[in-house]
Amino acid sequence: MQRSLSFEIFRYTAIALFLALSLIPTLWMVSMAFKPIAEWQASGADLTWWPENPTLDNFRFIFGQSASELIVALERTAGRPILASLLSATFGTLIAMFAGTSAAYGLSRFGAGGNLPLALVQLRLFPPMAVMIPVMIMWAFLGMIDSWWGLALIYGIVTLPFAFWLMKTFFDDMPREIEDAALVEGCSRWRVFLRITLPMMRPALASSALFIFILNWSDYLIALLLTTRDWVTIPVYMASLSSSMTGQLYGAKAALGLIAAVPPVIMGIAIQKQLVRGLTFGALKE
Amino acid sequence: MTDLTSSLPTETAPEDQGKSESARLGFWLTLPTQLLVLFIALFPILMQLYISLTDWSPLDGIPWYRAYELWIGLLNYIDLWNDPRFWGAMWRTCIVMAICVPAQFLLGLGLAILFVDEFPGKRVLYSTALLPMMVVPAVAGYMFFMLFQSGGPVNNILSFFAGSPVTIAWLSDPNLALFAVILSDIWQWTPLMFLILLAGMVSVPQDQQMAAVLLGASWWRRFRTIVLPRMKTIIIIAIAIRVIENFKVFDNFYIMTGGGPGVATETISIHIYKVTQQDLIWGYVAAMALAILIVLSVVSGLAISRMRKAS
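These protein sequence lines are chains S and Y, in that order.
Numbering-wise (my numbering), the first sequence opens with residue 1 and increments by one.
Numbering-wise (my numbering), the second sequence opens with residue 1 and increments by one.
Incorrect hints may have been included.
Claimed, not checked - Cross-link-like lysine-lysine pairs, in silico, DSSO-like; alpha carbons within 27 angstroms at most:
#1 Lys285/S x Lys122/Y
#2 Lys285/S x Lys248/Y
#3 Lys273/S x Lys232/Y
#4 Lys309/Y x Lys285/S
#5 Lys248/Y x Lys274/Y
#6 Lys309/Y x Lys273/S
#7 Lys232/Y x Lys122/Y
#8 Lys122/Y x Lys248/Y
#9 Lys273/S x Lys285/S
#10 Lys232/Y x Lys285/S
#11 Lys232/Y x Lys248/Y
To be verified - Over the 12 angstroms line for every Cβ pair with chain S, so calculated as not near, a few chain Y residues:
#12 Lys19
#13 Ile40
#14 Pro63
#15 Trp71
#16 Tyr77
#17 Asn82
#18 Gly88
#19 Ile95
#20 Lys122
#21 Ser172
#22 Ile182
#23 Thr225
#24 Glu245
#25 Tyr254
#26 Gly301
#27 Arg306
If you're looking for bench data, these hints aren't it; they were derived computationally from the structure.
Built from N, CA and C at the ideal position, the CB exists for glycine as well.
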């Protein structure tokens, strides 16, 4: 629809204002990540908006190299938490996708599952904090406290509703003629699912998996409760990065925050088209 | 676009191949999910119910299944009913919701109106606007923690406008701390409202609007009588999602303030977390968690059955 020039001016001004406000927090963290210690320790009037002497010292520091001006050396470096985040989020995604995809196919094609869809909605509804006592007891009993596989299992269950609902909408959208043709040709149901349906669903599987990976990667609370030392994830490790000698290690934390923020942002942009579907449980497709 | 509940009823299997093969396949396909749901729902809830009737704590030195030795019946539930800190946390969670959700909705709706038709640069600006939502919430909490330090950038900007140094201790003043954590939530989740509302707005058919334009209807009138009514389901979904997520809010709040100063920013999730980790009275936590689960189940059950009836 044709709009007037004054509306166009208003539109760009309003969007620019909104984006400026919305980018400040992120830009501040990026700036802090590249500041040398003297600059990130500055406060009040000495504050600089942009690093005057940009450096990678903060990144070197969290990976174990001693930074020249910081007396402390890290007892534990960022490598292990990054590995923990990667492993738990990846395998959690695999669990959710495996169970969710097959259940979604079972429901979409054979009407199996009974009350499962509703149960999964409710599972999503409950705050994780409200089942954490039994989970902590069970995980301790199974020897899964402070392990990446224990985290992966709970991540898989927590994000299962998303995998299920996303894949269900994709299966519902898929035309059945191709499957039916293969059945007439004499393929078994299993073969049709594994050889025809799943390969056709590759883009849907990929975007669902990325969406679920973002959710798993973003967790803080569950890892805080279920890991203690060896397999803490990035957010938990980041929160522990402060010492009595230096106070808050702003620069180091900002560097780590940047590392944590980059993967989901890239993946989120990659699956932008499917975000609405994912976030609304498949109720809304773009 | 379909709403949640209309996709719930099961579709009948295709007629061919015999029902038994389909049924068997359906069973095996849904089995892993069924097992995982049982594993995380049924057993933990029974365990939670059992523990909630005892005074058990992991420090007692007896395993959880022998918690009956510390049986106290419904005492935990009575304590919960009379616990001002629990109700305070509930109340605070409601306040946070009552501010965040409308603010996110109005900002998201306004932004969606600006983005609904084509204009140069739309794609880039759209992607940029979604950025906050993709930041890990704990990291977002840390960003705002840095911004609101008394020697930090927010005070720096305020000093610039005030002309003299401003040193407000945002995160150690109860009211300001609540304001700061609410701001971080609005910052992070307005894009989600925007994303969903824009998708809904785009799907409103153009023809009626065109007809209304020809009849000389004002923009506001078209918006109010044609666009908004058609977006009703989407608006309900978007608000429901944020209400649910806001009820669970933990990460950014806990990173920014740890629930403090005092209990000024202690939402229900932070409250349960603190009682779990610091007070370690797990029997009491179990009672609290179960009470919340029961209330949520009833409320959500009612909401879903109403939505089903409506559609």
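Now the hints, each set against the structure:
1. With a C-alpha separation of about 20 angstroms, the suggested pair Lys285/S and Lys122/Y falls inside the 27 angstroms cut-off, and the hint holds.
2. Proposed proximity of Lys285/S and Lys248/Y is supported: the alpha carbons are some 25 angstroms apart, at most 27 angstroms.
3. Between the alpha carbons of Lys273/S and Lys232/Y the distance comes to roughly 22 angstroms, so the proposed pair stays at or under 27 angstroms and holds.
4. Between Lys309/Y and Lys285/S the alpha-carbon distance is near 23 angstroms, which keeps this suggested pair within the 27 angstroms criterion.
5. Only pairs whose Cα atoms come within 27 angstroms are accepted, and Lys248/Y paired with Lys274/Y is accepted, the gap being roughly 14 angstroms.
6. Only pairs whose Cα atoms come within 27 angstroms are accepted, and Lys309/Y paired with Lys273/S is rejected, the gap being roughly 31 angstroms.
7. Using a Cα cut-off of 27 angstroms, the hinted pair Lys232/Y and Lys122/Y holds, with the two alpha carbons roughly 25 angstroms apart.
8. Of the supplied pair hints, the one linking Lys122/Y and Lys248/Y is violated, its CA atoms being roughly 33 angstroms apart against a limit of 27 angstroms.
9. About 9 angstroms separates the Cα atoms of Lys273/S and Lys285/S, which keeps this hinted pair within 27 angstroms; it holds.
10. Note on Lys232/Y and Lys285/S: the hinted pairing holds, with a Cα-Cα distance of about 16 angstroms set against a maximum of 27 angstroms.
11. Using a Cα cut-off of 27 angstroms, the hinted pair Lys232/Y and Lys248/Y holds, with the two alpha carbons roughly 25 angstroms apart.
12. A Cβ of chain S approaches the Cβ of Lys19/Y within 12 angstroms, the least distance being about 9 angstroms, so the stated non-interface status is violated.
13. Look at Ile40/Y: its CB is around 5 angstroms from the nearest CB on chain S, not clear of 12 angstroms, so calling it non-interface is violated.
14. Distance to chain S contradicts Pro63/Y as a non-interface residue, since its nearest Cβ pair spans about 9 angstroms, not more than 12 angstroms.
15. The Cβ of Trp71/Y sits about 17 angstroms from the closest Cβ of chain S, beyond the 12 angstroms cut-off, so the non-interface label holds.
16. Listed as a non-interface residue, Tyr77/Y keeps its Cβ farther than 12 angstroms from every Cβ of chain S; the least gap is roughly 15 angstroms.
17. Against chain S, the non-interface label of Asn82/Y holds: every CB pair exceeds 12 angstroms, the least being about 20 angstroms.
18. The beta carbon of Gly88/Y is kept farther than 12 angstroms from every beta carbon of chain S, the shortest such distance being approximately 16 angstroms.
19. With a minimum CB-CB distance of about 17 angstroms to chain S, Ile95/Y clears the 12 angstroms threshold, and the non-interface call stands.
20. Non-interface status of Lys122/Y relative to chain S is broken: a Cβ of that chain comes within 12 angstroms, the nearest being about 9 angstroms off.
21. Ser172/Y, annotated as away from the interface, keeps every beta carbon of chain S farther than 12 angstroms; the closest lies near 14 angstroms.
22. Listed as outside the interface, Ile182/Y is consistent with that label: its C-beta sits roughly 14 angstroms from the nearest C-beta of chain S, beyond the 12 angstroms cut-off.
23. Distance check on Thr225/Y: its Cβ is at least 17 angstroms (rounded) from any Cβ of chain S, clearing the 12 angstroms threshold; non-interface status holds.
24. The beta carbon of Glu245/Y sits about 10 angstroms from the closest Cβ of chain S, which is not more than 12 angstroms, so the claim that it is off the interface is violated.
25. Not every CB of chain S is more than 12 angstroms from the CB of Tyr254/Y (nearest about 8 angstroms), against its label as outside the interface.
26. Once the 12 angstroms rule is applied to beta carbons, Gly301/Y is inconsistent with being away from chain S; the minimum gap is 8 angstroms.
27. The Cβ of Arg306/Y sits about 14 angstroms from the closest Cβ of chain S, beyond the 12 angstroms cut-off, so the non-interface label holds.
In the structure shown, a violation is registered for the earlier hints numbered 6, 8, 12, 13, 14, 20, 24, 25, 26, in ascending order.
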